[in-house]
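Throw the hints in and build the complete structure from the sequences for me.
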Amino acid sequence: MSNPQRPIDPALLRGMTMPRITRRAALRGAGLLSASAALAACGVSGTSEEEQPQAPSFWASQTKAGALDFANWPLYMDQDKVGGKVVYPSLQDFTKETGIKVNYKEVINENAAFLGKINPSLKAGQPTGWDLIVITNGVELDKLIRQNFLIELDQSKLPNFQKNADPSIKNPTYDPGNKYTLAWQSGLTGLAYNPKLTKRPITSFNDLFDPAFKGKITMFQDTTDFPTLTMIGMGIDPAKSTEEDWKRAAEKMTELRPQIREFIDNAGEADVLSSGNAWISMAYSGDIYILNNSGSPDIKFIVPKEGAALWTDNMMIPKGAKHPLDAITYMDYVYRPEVAAKLAEYIAYITPAPAAKQQLQAKAAKASGEDKQTLDGLIESPLVFPTEADLAKAKRYRVLTVEEEQVWNRIFQPIIQS
Amino acid sequence: MSTGGGRGRLTPYLIGLPGGLWLAIFFVVPILVMLSLSLQSGNSEEGFRFTWEWSNYADAWEFYHTQFVRSIVYALIVTGICLLLAYPMAYWIAFYGGARKSTYLFLILLPFFVSFVIRTASWKFILNDQGIVLGPLKDVGLLPEDFHLLATSTAVIGGLTYNYLPFMVLPLYVALERIDPSLVEAAHDLFASRASAFRRVVFPLSLPGVFAGVLITFVPVASDFVNSGILGGTQTTMIGNVIQTVYLTNNDYPLASAMSFMLMAALLVGIFVYARALGTEQVMEVSQA
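Protein chains in written order, with this note's numbering: chain A, 126 to 543; chain B, 889 to 1177.
To be clear, the hints were calculated from the coordinates, so they are not data collected in a lab.
There may be inaccurate statements among the hints.
To be verified - Okay, derived cross-link-like pairs now, PhoX-like style, lysine-lysine, Cα gap no bigger than 25 Å in a straight line: (1) A/K321 x B/K1012; (2) B/K1026 x A/K321; (3) A/K339 x B/K1026; (4) B/K1026 x A/K324.
Quantities reported herein were computed from a predicted structural model and do not represent experimental measurements.
Right under this line is the structure:
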């Protein structure tokens, strides 16, 4: 094969196999199972449990085991084919250097579904079989942290993270001080549009109210993204928003609703934008990068001047992990610029270690022909390496307690499902 | 007929037992659980407790009455269109289908061999704003450039009608097929015009089919969520979509259960009124004739 590294656009394949709705907002419904508990009792039993705090000596007593069981999402790791077998070069390098053999499985297709599988073990205090898992920030992650199901990280074992991590993913609202998680990859939720149809550049959330775009706008149908982007558009920081802010945002959303054609799947923006059914849509940065490279180069992704929302998939060690030291070693390893570069080149989302850019530039300088073009495109893409101005405008999602979540949904659901 | 033995009297119950158990386990029990859930308060993490929380019902109505009313209106429209489309079709197959009757019925059932979701999604492809139907019409100038069908009530009602039409055809066909053609001849012999023969003989005899067809179309249409989800836009959400999201995504079980019960109650009342209006007893007698 002339280009063995990219037999099929991996990002495209990932986009198809892993629609965003399954990753971020969907199915918080592991609770479905607990609903059946109502059969036995009059009420539905909850899942909160008191657990022992982590012993201070936990990390001191750990030793390298030479093994790592790593669960990740499909096509979220650089891969290659050797003799018909899929191999992961960056993991092979890791093994070579540290002696830790990685049992890498791309078994996570949905946050809730995966956690549903390991939750019984976590609750029972049993090993889940995994040392490292990747979960998107959001309700599922909040629950893991709240229920004390994750191992607290030893910050002294994370020198590369401290040195190379982008400020935007350090100390996130959903995990203050990176107590439990480190970012794997991130993406932005902003707006995308087709300049040929809008006939003017879109720069602001308020542009959506232009009567010329009536019925030509689509938004995501989950209850998180539209309210969040609306609040950002109104100058409210969603992460710090109050119930009053939510109500104001709800009014704004109702005002905008006649402009909106429909609410789409969280992977649906590529479809409506490329078909021309929508002129402007809420969009994930990575999806538009894929779209641009697969037949619709005209579609533009923008961070509105008021800002955009930043989401992150995170690495974490579940309680009961058998090889925590090996896991934390790997977590820090991916923050080396050369490793981050290797991953970014394949994954094409926002890398957590921006120094990867220089690595890729050096590689591009040495490459030629099509390889060089691909690399240059990747380096220059603000979707993979957002500008500092863009990242400065990126806001985090609101962390909701379970009571707040109910209030939030009761305010926003009737607007989105109108 | 009866053997008079104990076993003979028990037989009908024994025969009904497997089906009865099935319904008891998979229908009655969940219904009771839902009823209990609809009166609980709490959240998915700390658990729900039974507190006679009647406000769930008030909230459900306050937040979602638009979608609720819309679903009933859509269901009425769709059932009406289905009846108008299906009756002539079933009539023709029953009286003029001849030896090919089963072939025609098979053709009507054929779409069922393709997934419901795929069929509905293909509507999306056909009705695309710049697609194979609207595209050329816009190019010729017959339609304004910003005309669209997708994401409108028309698309949702169209999709629902398409998906539920066979449910109307089949019971109508069964009722019409049983009508002896000689009855129509007899009507003609008694100087009835074609129209009055239909009005006074055929139609009344087909009423059980109409009754059944309307029921098994109206009820699922009112709670459908696929068509509105795929073909709908901002002002076309049906109550089924809301229940699905509130239950599966938001895990607000009490609110979702309350909505389910309100829908069920509305449908039951509607069916009861409808049955009385049409005179079920009369209908049932005819069907036994």
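Hints and how they fare:
no.	hint	in the structure
1	A/K321 x B/K1012	holds (23 Å)
2	B/K1026 x A/K321	holds (18 Å)
3	A/K339 x B/K1026	holds (19 Å)
4	B/K1026 x A/K324	holds (19 Å)
Taken one by one, the earlier hints all hold for this structure without exception.
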